[in-house]
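Chains as they are written, first to last, in this note's numbering: chain P, 1 to 135; chain A, 1 to 150.
Be aware that a few hints might be false.
To be verified - Calculated lysine-lysine pairs in the DSBU-like style (CA-CA distance at most 30 Å, straight line):
no., chain 1, residue 1, chain 2, residue 2
1, P, Lys122, P, Lys21
2, P, Lys120, P, Lys97
3, P, Lys122, A, Lys114
4, P, Lys97, A, Lys89
5, A, Lys89, P, Lys120
6, P, Lys97, A, Lys130
7, P, Lys21, P, Lys120
8, P, Lys97, P, Lys80
9, A, Lys89, A, Lys114
10, P, Lys80, P, Lys21
11, P, Lys120, A, Lys114
12, P, Lys97, A, Lys13
13, P, Lys122, A, Lys89
For the record, the hints were derived by calculation from the structure and aren't laboratory data.
Predicted model only: the values in this text are computed from it and were never measured.
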Amino acid sequence: MGARVTVDFSGADRIITQTAKRDQFVRMMAQMVKAESVLSMQRSPATGNVNPVTGHVASSPGNPPRIEHGTLVNSIDTRKVSDMAHEVGTPVLHGRKTEFGIGILPRPWLRPAMLLMQSKVKDEAQRFFDSGIVF
Amino acid sequence: MADALDSLYRAIKAQLDDNIPWGHEVYPDAAPSWAVRPLVIFNRVAGGDTNRIAYESDRFMIDVKCIADGENGYINAVAGAAMISELLKDNGYQDIDDDGNNGTVAGDDVYLIKTITREARIHELDDLEKVGEYVFYSGHTFTIEMEERL
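So that you can see chain P by itself, here it is in the shape it has in the complex (with noise of 0.2 Å):
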């Protein structure tokens, strides 16, 4: 059990008329929220315990966990639940325990992305559709 969160436009459909064009714009937001994950577990501080065998420095609570082998970082996916909505996330357990803070100390790396995306949207779907669209 992972950790996963919806990209969910619902309702936006009875405005964004461009099937196909909106259907892009769903899966291109879920692919941000994918892509600020990644960007935020490799731009993370190293401020954490370091591993005396391997060296590797570990995230400081609060924060992104940092790469050592790459397992979670390269799980994270994105999958479409239905014509308006996109899921991103990871079926990798410990996304869920650095997310959540189970058994260790939080360290969120996928909510901070989606709180991010959320307040570009507006300025990214008036940037993509280029039509006029008033929020």
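Position chain A relative to chain P; hints supplied.
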């Protein structure tokens, strides 16, 4: 001068303190080793201007979890989650109840807590000691809109 996150943490601590089943065991970010379960831990997930993904707005996503173990671990964790929800959900200053009253989690002199919205449920269990004695984590994610007072 307090920042938004500091104001928010103080407000949540004050609102949750001294309630059943956790009593005074309410901790921001992490609990000390002497803390006794059931306890509540709340932490920033996203928002504000700290860490790599930062926002200019004073909008925060916070996880609030009741953590319990032992014979009544599940019951305490689930009851704690319900109590957390009761105390925080739609209880910001601009949240209005059915009788027209404002919410009671209003922030401090510097920052106003405008709205508190309950998001996804968190319910997990973990075998910390790997001996089949589970620790239950139950609570919610909340999105909180704040504003600096003029």
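Okay, the hints, checked on the actual structure:
1. P/Lys122 to P/Lys21: holds, 16 Å
2. P/Lys120 to P/Lys97: Measuring from Cα to Cα gives roughly 27 Å; hence the hint holds.
3. P/Lys122 to A/Lys114: Judged against 30 Å, a Cα distance of about 22 Å means the pair holds.
4. P/Lys97 to A/Lys89: The hint holds at about 25 Å.
5. A/Lys89 to P/Lys120: holds, 26 Å
6. P/Lys97 to A/Lys130: The hint holds at about 15 Å.
7. P/Lys21 to P/Lys120: This hinted pair holds, its Cα atoms lying about 18 Å apart.
8. P/Lys97 to P/Lys80: holds, 24 Å
9. A/Lys89 to A/Lys114: holds, 12 Å
10. P/Lys80 to P/Lys21: holds, 15 Å
11. P/Lys120 to A/Lys114: Distance of about 22 Å is within 30 Å: holds.
12. P/Lys97 to A/Lys13: holds, 24 Å
13. P/Lys122 to A/Lys89: holds, 27 Å
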